[in-house]
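Engineer: As a plain string of letters, each chain reads:
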Amino acid sequence: QSPDGEPPLFNFKRGVGLVTPDSSFSINMRFRVQSRAMYNSISKDDFGVSEYEMRMRRLRLRFEGFMYSPKLTYNIQLSFSRGDMDWNMRDQSSINNSPNVVRDAVIYYKPNDRWQFAFGQTKLPGNRQRVVSSGEQQFIDRSIVNVGFNVDRDFGFQAVYNNSFGNLHYLLKGALTSGEGRNVFSTDKGLAYTGRVEILPLGKFRNGGDYFEGDLEREPTPKLSLAGGMSHNEDARRTGAQIGRDLYEQTDIQTYIFDGLLKYRGMALYAEYMAREADNPITINATGERRHILTGRGQNYQLSYIFPSNVELAGRYSRIKPNSEVRAFEDKEEAYLVGVTKYLRAHRLKLQGNVGYHSQNPFLSVNDDYHWTAGVQIELGI
Amino acid sequence: QSPDGEPPLFNFKRGVGLVTPDSSFSINMRFRVQSRAMYNSISKDDFGVSEYEMRMRRLRLRFEGFMYSPKLTYNIQLSFSRGDMDWNMRDQSSINNSPNVVRDAVIYYKPNDRWQFAFGQTKLPGNRQRVVSSGEQQFIDRSIVNVGFNVDRDFGFQAVYNNSFGNLHYLLKGALTSGEGRNVFSTDKGLAYTGRVEILPLGKFRNGGDYFEGDLEREPTPKLSLAGGMSHNEDARRTGAQIGRDLYEQTDIQTYIFDGLLKYRGMALYAEYMAREADNPITINATGERRHILTGRGQNYQLSYIFPSNVELAGRYSRIKPNSEVRAFEDKEEAYLVGVTKYLRAHRLKLQGNVGYHSQNPFLSVNDDYHWTAGVQIELGI
Amino acid sequence: QSPDGEPPLFNFKRGVGLVTPDSSFSINMRFRVQSRAMYNSISKDDFGVSEYEMRMRRLRLRFEGFMYSPKLTYNIQLSFSRGDMDWNMRDQSSINNSPNVVRDAVIYYKPNDRWQFAFGQTKLPGNRQRVVSSGEQQFIDRSIVNVGFNVDRDFGFQAVYNNSFGNLHYLLKGALTSGEGRNVFSTDKGLAYTGRVEILPLGKFRNGGDYFEGDLEREPTPKLSLAGGMSHNEDARRTGAQIGRDLYEQTDIQTYIFDGLLKYRGMALYAEYMAREADNPITINATGERRHILTGRGQNYQLSYIFPSNVELAGRYSRIKPNSEVRAFEDKEEAYLVGVTKYLRAHRLKLQGNVGYHSQNPFLSVNDDYHWTAGVQIELGI
Chain X
1 QSPDGEPPLF NFKRGVGLVT PDSSFSINMR FRVQSRAMYN SISKDDFGVS
51 EYEMRMRRLR LRFEGFMYSP KLTYNIQLSF SRGDMDWNMR DQSSINNSPN
101 VVRDAVIYYK PNDRWQFAFG QTKLPGNRQR VVSSGEQQFI DRSIVNVGFN
151 VDRDFGFQAV YNNSFGNLHY LLKGALTSGE GRNVFSTDKG LAYTGRVEIL
201 PLGKFRNGGD YFEGDLEREP TPKLSLAGGM SHNEDARRTG AQIGRDLYEQ
251 TDIQTYIFDG LLKYRGMALY AEYMAREADN PITINATGER RHILTGRGQN
301 YQLSYIFPSN VELAGRYSRI KPNSEVRAFE DKEEAYLVGV TKYLRAHRLK
351 LQGNVGYHSQ NPFLSVNDDY HWTAGVQIEL GI
Chain W
1 QSPDGEPPLF NFKRGVGLVT PDSSFSINMR FRVQSRAMYN SISKDDFGVS
51 EYEMRMRRLR LRFEGFMYSP KLTYNIQLSF SRGDMDWNMR DQSSINNSPN
101 VVRDAVIYYK PNDRWQFAFG QTKLPGNRQR VVSSGEQQFI DRSIVNVGFN
151 VDRDFGFQAV YNNSFGNLHY LLKGALTSGE GRNVFSTDKG LAYTGRVEIL
201 PLGKFRNGGD YFEGDLEREP TPKLSLAGGM SHNEDARRTG AQIGRDLYEQ
251 TDIQTYIFDG LLKYRGMALY AEYMAREADN PITINATGER RHILTGRGQN
301 YQLSYIFPSN VELAGRYSRI KPNSEVRAFE DKEEAYLVGV TKYLRAHRLK
351 LQGNVGYHSQ NPFLSVNDDY HWTAGVQIEL GI
Chain H
1 QSPDGEPPLF NFKRGVGLVT PDSSFSINMR FRVQSRAMYN SISKDDFGVS
51 EYEMRMRRLR LRFEGFMYSP KLTYNIQLSF SRGDMDWNMR DQSSINNSPN
101 VVRDAVIYYK PNDRWQFAFG QTKLPGNRQR VVSSGEQQFI DRSIVNVGFN
151 VDRDFGFQAV YNNSFGNLHY LLKGALTSGE GRNVFSTDKG LAYTGRVEIL
201 PLGKFRNGGD YFEGDLEREP TPKLSLAGGM SHNEDARRTG AQIGRDLYEQ
251 TDIQTYIFDG LLKYRGMALY AEYMAREADN PITINATGER RHILTGRGQN
301 YQLSYIFPSN VELAGRYSRI KPNSEVRAFE DKEEAYLVGV TKYLRAHRLK
351 LQGNVGYHSQ NPFLSVNDDY HWTAGVQIEL GI
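Protein chains in written order, with this note's numbering: chain X, 1 to 382; chain W, 1 to 382; chain H, 1 to 382.
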């Protein structure tokens, strides 16, 4: 313990950070807010207003640092906006039975540069767009493919190994988790097993650029990441495996993920393929009601270019094709989106405008018709 | 970016504040707690205990600062006490469907001294008593008029213009907001339009004294603020426009506000008149149940004097007269209140005692009779 | 007020603390996280998995400090993990009707070394194991006796007087509180009255060692604390007095507590006896449904030794014997537990492993059979 009153070592690269004078621990505090105003048209021909979405979409508080040794680090993230609590009283879920304030609460142990072990609640090594922070996306929302098939967060053990063969860099990621998602009280014996391989044949991205959207680093040489993985959720109890409403019966769910990212001189190209299968996708309760798992395939493509003015133009095309077994409940989905982003302070302060053409609208009762959407968003964080 | 380890510039005027060494952003953190113990009599004659109210009424955490430029500021306020979350499971509301932790999350842009633009969730420019922080009131609670008719917080765009003609200072405030209140997921095309004019014929109050209660600044010359405004909520879906339970049918609601504040040498006089009209104040569902909007008029008067010892005496009279159309559901209300406040560190640390005589009691099933109330409150914040 | 920009006085003994340059207030911020992975066997013979408990059990944020004068201090603790919010939608409680984020929010006034007065919400002076922070326990969970009979937190007034006769030190603790527990809106006239006496015949423990588990201070001379108390909850409305589900009828509840703690050279011995009586332990609603109060007696014994390596071995035996009046609803309970704890930075960073043999399992529908449990937990805080 250092003498009382000695100041800590500050840093402000990402929020407010300090290291105690005796280096016994560090803490870095950040927050961020995402506010938006969006419009949804009545149909593809009728541009009248069906619904506005005007809200603070996300409000997060984050604490990170090390404790005891720089090898032992922690990451805590709390979410306070309603939409971020991922809970609706009306679902009457027995698994997801109260608002979720805690998003991440995880302890990392990094014995060396090759290995990282984690224990706690955090994102699974799923599709890249899901793992990229919602604060570092180039569109206002993630794609419909991500919404349909992502494996979200879970509680348990994770490990990452990374190494290189010459210029080729690779990462192996694995997770053994409860399978019921965030903040569950207990879990049956059916756990979740997730694995992912990432190959960076042209070397590492600058400043971790494989895990934020847009080529803000303007890679001077081409950088590529190709990844594949799968998650097996045994005896899943929720419609989306780690997320969603309670199923009426338990079943195994498999999610398959392939994604690739290329960045070069301000240009970023992202492609994602996801698929989901379930042993028993349609579950029935005693009174004959049904709840199903969206099984099927999805593709998402994004292309962007950032100008020297830090204005970025981006386009996206996404589609989901449900398996025939659930076609009675789920239509094909398709979405086109163009976006412009002005990065004032990289992803921490940005202004975004999006215009889209969607086949589905979460705010509309009639979902079988195309409609237009447009909106602006401000992201501000320290 | 400044070199690592350089300390920030601190200030402790309101909580814990710091500016980064390179002035890239600032953050100011505050909290405050309001705890009380109150007694309610059985009736005007029977001083037996009907109910106690013993609780921490408010617990707030607040972050403010600038980001990127001093012209771009943010304000975030979180509320953690149960009473502050403004949600009751039993309401089964489809609009207000989970606890509200976020009170404010707003970004301001001030291009110059005249204009201020806001985007996000914060208080509307409604009646002055509502806009004055609950931490800067001179009584334990706001008046029954405020409870009945205030327009609370909402999400959207706001603008303020201020200027002077000689000594006369004026402010023009406008807001275009969702109309459904805090933390809604989506909103129909019926938005809310709010406007307010404030005129300070005798010049500005010291230290923003027109927006805290009690003349703690002891204005050496008389200061006056006269204000009028209205809010039109199109296709409102809640009984109190931005607050309250779900209506069974949508209707337009208008709220009219006039208030005036005079401060001079420790004396403060506040008067407020509010009125509310609705196109269709009584809504009916399929099974014949009714939910209504309290339409009618309210008046609130407060007079206070602060002694050199920082002990303040204050009195209040308030009344609400419902429109005849809703008289079947709503009685007249009346409340008398006297209060004494010892300001230990202005509004941040104060001890309050109130004695009241009310025609209604939220904790009593029988509300048509007068009763007494008495209580103490401590407000502590940094 | 000190000049702008002057740095505060820092300290990092318990979290991040600072005192303003003019000593007008201080604030100390801490957080802690408890994450665990536990296994429960199917029965005493069948070691198959009945349930896992994999979750972040606790995530707390805490603010402490003084305001205005060092005699006036505050303590605020927020809990964000689901299990810590002590609310389940399915209880449909009218008292505990939304998630409980606020655990503590209390203001202390210490006019001198003898007296301490408190106003607000915090723990009652109940059984020692309950009052010891969940972050300073030597097992993963408190005992079944604590679960059955503790009086938890409440809102109101508390006072502590302490003094010495020679080497003998004693404390007198009293509380007058609402009786309905945390975060209630209102309370009937039936309040709760709690008193407790603690006698330390061999003098004070080092560094407050009578209120954390395990003899981490390795008392060089034997230290003993003997305590007795009771809590009378008039017109209680919940099955556990300050906690639990809503009763169908109100009744008086008495809780009796005796506990003793001995610490010497790394060894700690703790014994606890609790009993609960109720005037009317079984309450019935209009449709004949019953809700009862667990009346009866419980005993808990813990013995531990901490090695010079800061590895501690501990054993616990606990049992509950319900009164005959509620034997139709409640079985006898019994639990054996052994634990090993590696203290890396005292109670703030520790690794725990527990193996137990229990007669009841909260995660099993069949509770009349013994089963095994085993698990690991990491506690990390600043």
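It cannot be assumed that every hint is accurate.
As the list claims (entries may be wrong) - Dumping the calculated BS3-like pairs for lysine-lysine here, alpha-carbon to alpha-carbon at most 27 Å:
id, chain 1, residue 1, chain 2, residue 2
1, X, K71, H, K123
2, H, K189, H, K204
3, W, K13, H, K189
4, W, K123, W, K204
5, X, K13, X, K189
6, H, K123, X, K13
7, X, K342, W, K44
8, H, K123, H, K44
9, H, K189, W, K44
Worth flagging that the hints you see were computed from the coordinates, not collected in a lab.
Engineer: Hint by hint, note whether the structure agrees.
Structural biologist: Hint by hint, here is what the structure shows:
1. Restraint check for K71 of chain X and K123 of chain H: the C-alpha separation of about 36 Å exceeds 27 Å, so the hint is violated.
2. For the suggested pair K189 of chain H and K204 of chain H, the alpha carbons sit about 39 Å apart, so the restraint of at most 27 Å is broken.
3. For the given pair, K13 of chain W sits about 42 Å from K189 of chain H by alpha-carbon distance, which is inconsistent with the 27 Å threshold.
4. Note on K123 of chain W and K204 of chain W: the hinted pairing holds, with a Cα-Cα distance of about 22 Å set against a maximum of 27 Å.
5. Our distance criterion of 27 Å between C-alpha atoms is broken by K13 of chain X and K189 of chain X, whose separation comes to about 43 Å.
6. A C-alpha spacing of about 40 Å is found between K123 of chain H and K13 of chain X, which places the hinted pair above 27 Å, so the restraint is violated.
7. Under the criterion of a C-alpha separation no larger than 27 Å, the hint pairing K342 of chain X with K44 of chain W is inconsistent with the structure, at around 64 Å.
8. Using a Cα cut-off of 27 Å, the hinted pair K123 of chain H and K44 of chain H is violated, with the two alpha carbons roughly 36 Å apart.
9. Proximity of K189 of chain H to K44 of chain W is assessed by CA-CA distance (about 17 Å); at most 27 Å being required, the pair is judged to hold.
Of the hints listed earlier, those the structure fails to meet are numbers 1, 2, 3, 5, 6, 7, 8, in rising order.
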